[in-house]
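As they're listed, the protein sequences go chains W and B. Residue 1 is where the first sequence starts when you use the working numbering, and the numbers rise one by one after that. Residue 691 is where the second sequence starts when you use the working numbering, and the numbers rise one by one after that.
Keep in mind that a hint or two might mislead.
Computed footprint of chain W on chain B, listed as stretches where at least three residues anywhere in the stretch have a Cβ under 8 Å from a Cβ of chain W [claimed, not checked]:
hint, region
1, 700 to 708
2, 715 to 721
3, 738 to 744
Pairs of lysine-lysine residues, derived as DSSO-like cross-links and limited to a Cα-Cα distance of at most 30 Å, are as follows [claimed, not checked]:
hint, chain 1, residue 1, chain 2, residue 2
4, B, K738, W, K260
5, W, K614, W, K629
6, W, K91, W, K7
7, W, K243, B, K693
8, W, K91, W, K13
9, W, K243, W, K260
10, B, K750, W, K91
11, W, K60, W, K7
12, B, K738, B, K703
13, W, K260, W, K614
14, W, K508, B, K750
15, W, K575, W, K68
16, W, K91, B, K723
17, W, K260, W, K434
18, W, K13, W, K60
19, B, K703, W, K91
20, W, K68, W, K7
21, W, K260, W, K623
In short, the hints are calculated from the structure, not lab data. Model, not experiment: these values are computed from the prediction. All C-beta atoms, glycine included, are put in the ideal place defined by N, C-alpha and C.
One letter stands for each residue in the lines below.
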Amino acid sequence: MQAVTPKPSPAAKILWVAIAIVGAFCLSVVALRRGEPINAIWLVAAAISIFVIGYRFYGKFIEHSVLKLDPTRAPPSVLRNDGLDYVPTDKWVVFGHHFAAIAGAGPLVGPVLAAQMGYLPGTLWILFGVVFAGAVQDFMILGLSLRRDGRSLGHMLREELGPVAGVVAMFGVLVLMMIVLAVLALVVVKALTHSPWGTFTVAATIPIALLMGLYLRVFRPGRILEVSLIGLVLLLASIWFGKTVADSASLAPLFDFDAKALAWLLIAYGFCASVLPVWLLLAPRDYLSTFLKIGTIALLALAIFLAAPTLQMPAVTKFIDGTGPVFAGNLFPFLFITIACGAVSGWHSIIASGTTPKLLANEGQARLVGYGGMLMEAFVAIMALIAAASLHPGVYFAMNSPAAIVGSTVQDAATAISQWGFVVTPDELLQTAKNIGESSILGRAGGAPTLAVGMAQLLHNIIPGGGMMAFWYHYAILFEALFILTTVDAGTRVGRFMIQEIAGLMYKPLQATESWTGNLLATAICVGLWGYFLYQGAVDPLGGINTLWPLFGIANQMLAAIALMLATVVVVKLKRERYVLVPGVPAIWLIVCTLTAGWEKLSGPISFTAAAQKYAQAMQNGKLLAPAKTPAAMQQIVTNNYVDMALTGLFMLLIVVMLGFSLRALIRAWQTNHPTAHEEPYVALSSVAS
Amino acid sequence: MNKPMQALESSWKWAVQTARLCCGVPDYDAYVKHLHEHHPEREVPSYKEFFRERQEARYKGTGGRCC
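Using the sequences and the hints given, assemble the complete structure.
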């Protein structure tokens with residue numbers, strides 16, 4: 001059964017034609033105008049038109065033809081209503097919840113890094129990637145889970161592709177999570193290195209969160225909004241006071257750390273935070289960061305609309321040839337793994353098969369939440385790209401290039417960057433640092449600081465005032481650090497449970513999550529795993545992000561490919577073969593991108609292998625290469641690169657294995673002449689709804 | 691109560707419900723209603739107890755957050 005869609009009225013037809021014309025015109029301005037800088041509003045308008053059209057037409061096509069969602073069918077929230085996990089909920093409330101769960105640091109970092117190729121490649125990939133791949137993945141996985149009692153991605157993989165495939169994929173998820181935690185923690189390290197102001201404000205979130213935790217537990221149980229408001233006021237006060245700390249000769253050194261020290265501090269913090277009771281530290285910080293995240297995204301949108309900045313970065317830079325300083329590698333495939341979240345993110349498939357399908361009150365609302373939620377995230381990515389592209393390109397490259405490439409003084413950096421054609425003076429770099437209240441802006445890769453400078457400039461344009469730019473910069477850093485640290489805490493805890501489960505297979509008592517031995521042991525292993533990569537990033541010759549972000553991108557897109565392969569198999573199992581290309585094409589595209597990127601990271605000039613050999617060769621000749629100062633440090637860099645190599649190989653192997661399982665299931669389903677998907681039987685909504 | 695006030699109140703309710711759900715705390719009223727309708731024999735927990743139970747539960751699963 002399927003709801004009949006009413007025929008569109010003539011007025012509606014005219015409206016959609018008008019949107020299409022406006023969108024096409026704006027996009028042509030963005031894509032074709034050369035020589036003179038364009039205003040960001042063109043980009044925003046093009047994005048909104050494309051998203052609206054994609055949502056109305058492609059989203060609807062998937063809903064009616066591919067997934068055949070049926071508003072008369074009872075969803076899991078109704079069938080298994082328990083008032084807690086399964087609750088039929090208003091669609092906009094579910095939308096808000098789903099968006100808050102998928103939006104994180106990813107869509108803010110990737111586009112900023114990709115801006116080294118100019119704003120156009122990133123924009124096109126975000127716009128078309130989300131419509132044809134990212135939103136399709138989120139929506140289809142949500143749709144599949146809705147028909148399977150809200151089951152998780154792992155569970156669905158086991159059912160549809162076989163038990164071994166499920167185990168293989170879940171192992172991939174665990175490794176992906178360790179890389180995610182390490183890379184995100186590294187973003188924080190890069191932002192706080194030798195920044196007493198930033199470090200002080202981020203450190204201040206710990207006592208603030210403890211205070212909030214006690215307040216929620218003892219004084220006013222469950223008053224989340226109230227306590228978050230108190231927390232916000234304290235946070236703003238700590239940013240304001242941070243300037244006093246940074247200016248003070250006695251206090252500043254207490255919060256002035258290098259990358260290595262910060263990495264150790266984060267590792268120690270991650271360990272403590274995930275063994276403490278959740279109500280004390282993790283939960284209150286989670287509330288604060290959720291609200292701050294939504295608020296700041298809204299603030300960024302407002303700033304872009306009001307300030308309407310001009311994009312100073314060229315549409316396309318010469319770095320599409322793979323020689324860029326921010327990340328190495330050609331436009332294909334590296335653009336498509338650098339911008340993961342925002343265009344297509346595998347992680348979303350876990351959320352789309354988590355709480356969201358248990359809350360939807362009707363299958364007819366899945367498009368709004370699944371497809372629409374991902375379009376919103378893509379819009380956040382577009383805004384991050386605008387913030388980065390509206391910066392002076394010289395400043396952008398100074399912040400994001402490793403010292404190994406542009407040198408470690410403003411003079412060297414300005415000379416090197418000017419030679420690339422982005423003319424900048426040492427004074428301009430110093431002045432930018434001074435404006436944001438920092439001693440240097442060099443070597444601050446990782447997206448967060450660049451976005452923070454971009455945001456600070458936008459907000460400063462709207463609300464001018466002496467010293468305000470420094471305030472906004474540290475506000476933006478704090479907001480990103482806050483939710484990254486929340487992800488690190490929560491991720492470590494989840495990783496700990498996963499490790500305890502695996503360890504429990506070998507020695508049963510380790511499985512007890514209440515046991516302190518098992519708890520501490522598993523936490524230590526989990527922190528050790530991501531901590532290793534974090535520390536590796538802190539001592540990396542190319543600054544860490546350059547090395548680790550591609551690894552993260554490959555892993556995240558690998559998971560997206562797995563989710564889309566599942567969707568492809570299920571479409572065939574439902575005997576809807578004519579629509580196999582809807583999830584099939586993006587799946588193939590991601591497999592090609594990840595395998596090519598993986599291969600280039602295994603062999604060739606930009607590979608981990610080449611980096612390892614370079615340092616090994618120098619060691620044999622008795623030489624030391626920067627930043628290593630001892631033979632032991634040289635050896636460590638060699639080992640790190642071999643570990644990265646092994647990991648890349650592992651991800652590639654995982655994809656190939658999953659592809660094998662998918663093809664086997666696909667061929668079997670194709671040869672069968674009746675549907676074989678594991679859907680729950682149809683129950684009419686009218687027969688159960690009270 | 692006049693119409694605008696009602697609209698304001700219902701949007702505030704909506705905002706609170708969304709905000710709480712974003713933090714993993716579902717609607718308490720809906721839970722109480724569910725208990726009354728389907729499990730009248732069970733004791734209804736106070737909001738404090740309900741909140742604590744949900745807070746613990748949120749960080750036990752695979753985590754509802756993204757990178």
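Self-check item: Those earlier numbered hints the structure runs against, lowest number first
Solution: Going through the list in order, the structure violates hints 4 and 7 and respects the others.
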